[in-house]
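**Student:** Taken in sequence, the protein lines are chains A and B.
Each residue of the first sequence is one higher than the one before, starting from 1 at the first, in the numbering used here.
Each residue of the second sequence is one higher than the one before, starting from 1 at the first, in the numbering used here.
Keep in mind that a hint or two might mislead.
[Said to hold, decoys possible] Among the chain B residues that face chain A by a calculated CB cut under 10 Å, a handful are:
id : residue
1  : Pro288
2  : Ser372
3  : Met375
If you are wondering where the hints come from, they were derived from the structure by calculation, not from laboratory data.
The structure presented is a predicted model; accordingly, all values stated were derived computationally and were not measured.
Don't be surprised by glycine CBs; every beta carbon is placed ideally from N, CA and C.
The residues making up each chain are set out below.
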Amino acid sequence: MLQFDRDTVPAISVSRLSHAFRGHLALNDVTFCVMPQTLHGFVGPNGAGKTTTLKVICTLLRQGRGEVEVFGSNVRTDPAAVRRRIGYMPDHFSMYRQMTVTEYLDFFAAAYGLPLQRRDQVISDVLTLTDMDGRRDDLISGLSRGMQQRVSLARVLVHDPDLLLLDEPASGLDPRARIELMEILRELRRLGKTVLISSHILSELSELCDSVTILDRGQVRFSGPMNLLLDVPGEQPLWNLRLLQPYPQAAEQLRSLPAIAEVTEPEFTNGQDFVLRLAEGTSGNDLLRALAPLDLPIASVARQRRHLNDAFMDLTTRGVR
Amino acid sequence: MLNGATALFTWTLRMDARYVHPHVVRATFALFILFCLSMAALDAFGTNRTGLVFFGLVCQLNVLLIAAAGVSYFVTAVSEEKDAGTFALLQLAGLTPLAITLGKSTSRLVSSLMLLVSQIPFTFLAVTLGGIRWQQVLAAWVCLAAWMILVANMALLCSARCNNSARAAGAAGIILLLWFGTPPTIRTILNAIAPGTLSPEVRQTLSRLPQLLELVSPSKQIDLILNRWEVAEVFGAQFWFSLLLAVGCFTVSTLRLNAWTRPTEDGATGQEQGGKRRWPVGRCWRLPLVWRDFHFFAGGQTLFATRWFLWLVVYIAFLGLQKIELDSWRWILVGNFAMQMLLLLAGALTLECVLLATGSLHSELRQMTHSSLAMLPLSSTRMFLEKSAGCALSVLPSAVWLATVSLLSRSSLVGRIDGNLVLTWVLLLVFSTHVAALLSLYTRWAAFPLTLLASFVAFFVIAGPILLIPSAVGMLARTHNIQNSLPLAWAITIFWTWVLLLLPIQLWIRERWIVLLRK
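Could you put together the complete structure from these sequences and hints?
**Tutor:** This is how it looks when you write it as structure tokens:
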């Protein structure tokens, strides 16, 4: 779990944000926070209000009620300062398809006021980062969807923003393009960027993101570190134990430990895998200490986690009737 | 096949009925009729032919608007699917070419014919006002309906043939221009050529060509109906030839649709292939939107050079005609030739500006790039100004030619054109481009014809006051012994036109742009 100083200014701070479209409440008291240099997932079913929230954060939409700040600047009172620090990639392909990749990036670099001498370097850098160096003179209309998405990402990077707001960047991409996009996002985090990514591809988000916000029908169902969301809720946590080879007395030995309340052997595992429920008040450390004196060929011990899909379904189906 | 065609047809009509904009267009037509009525009443005050004047005005404008609808509304029937990349989906859904052309084009035609029909009750007022019989009114509507059917199907042919809407609109525009422009051009040339220069057979053949083209001319037929009713026929040659040509266009479009839209080997559309052939555009300028709009919206260097060359050819052609008539070679146009060239340049420049204004902002909406633009550190005012500058740059050849002809032939133009008239034209041109830009943010197809309509009305409403201000200022200046009052009068006119007319439209455009961004 990530730790931050109390004094760290959040990259995004959304507080009690509400917004209505023609009487329909699209966002209702939305509150969440994204810390700098993290990858934050923004998840929710269609119509949950994700795009509306992103549009408010990137100053395209004026919020009805609530406060939104980006690196301490208020989006309502200081939109210019906010825009300088963010790069927004909308959920649709918004590109000048008749331009080449270089012309497209050159246009946006010039629009952001970059001097001619610096533009070449910046374009070269963002193309290298997005692995589009070899296609710099290609027409955008001739690129595949995945490549167009990379060019879009390169476009939001030309003015070197601190915060990237990506609305469904992986939608419509094939698995290879998705994996490559996720790699680029990891690289961006390594470079110190904060990324807020809205996506439906939950399996990839769970591996990629440090924290997550789940939005459903305009309300936040969960917002916090990914670990917290993926922990199995209720009772004592479960742990998975795997042995290097089958060991006949393993179950007995494990059951004899006071730190373990229950030992179950999943089917078809040939005596190598065990699921352990810890006793009341026992921590992971206690478990490891208890296992050490045993004569078991342990391969791995890991806390059992939910899949993000399960967490998402648990949190978002409540409202559906 | 019929199920698909009916579904497409019903869907298009339903959409048309549900959206507010088509109804606004119809209401605008009703207001326009009211305006024509007022104009006719003023024009024919004290005579018994008010009805004839009123109806003539309505007919003329309908001919023009149908032509404008041809290059903007009808022409996108099939090409909009190609633009959106959904044409293949229609084919996959099992729709045959006939179902597509029927469903996409005929629904538009029916909807537009309804627009004509909605005017009919009002125009029967013309009978009451006098100077025209009800049979003439009906005959004129039949002629207009035939013209609309012909234009719609000619536009369908362009739409089916071309790879995207822009090219289809260009092709339809050229066809209409040739259609209207060829007969008077041939006649002018024949009149200019001295008798005996051409053999009688060639002269006869050439003189038949305009007659042939005018067989389907709605203007000619309406003129016949209104002014020589005794020799006019309701279902005459114009009606039947128009229908025949329309059926021909429809048949060719349907039969060749699949062949013309067959994907290329590498899967690239025509637009993409066309893009590869363009000239290099160099680095982005310090004013990025000027660069963007000049190169990627207004045609770039290719069209820029073409315009220079085209006007040079036209100028040389005029010089040639002048030589034939005056029997001596001069490098400068004189008399009527100078005036005609000037009017041609002014008309072309007006059309260019209005067309660019209808597309400049709309192209951002179509490509969904407006949200990316909004994120740039540019104010919306600067953005609009830069886009206008990019378009203005592309019409520079026409503007420079206009200025050159005015300067070179100024001795022939003195007495025909004065400063006030030029100022009025410039202000109306600016007003029209503003209206076109505003309308393009509301409607996809109708911006161009509606701008023509608005400009037509505005000419009568605005031109008077605009011409009046310099006269009033001049009079006041004379009473106070102020010399050179004309620049002052022009400055005052420009200022008040901007405050009262242009500024509200500019603010409206800005508001609408922001609303669209939030959507």
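**Student:** None of the hints should be skipped; say for each whether it holds.
**Tutor:** Quick rundown of the hints versus the structure:
Checking B/Pro288 against chain A by beta carbon gives a least distance of about 4 Å; that is within 10 Å, so the hint holds. Interface hint at B/Ser372: satisfied, since its Cβ lies 5 Å from the closest Cβ of chain A, which is below the 10 Å cut-off. Interface hint status for B/Met375: upheld, as the beta-carbon distance to the closest one in chain A is roughly 5 Å, under 10 Å.
Of the numbered hints given earlier, the model fails none.
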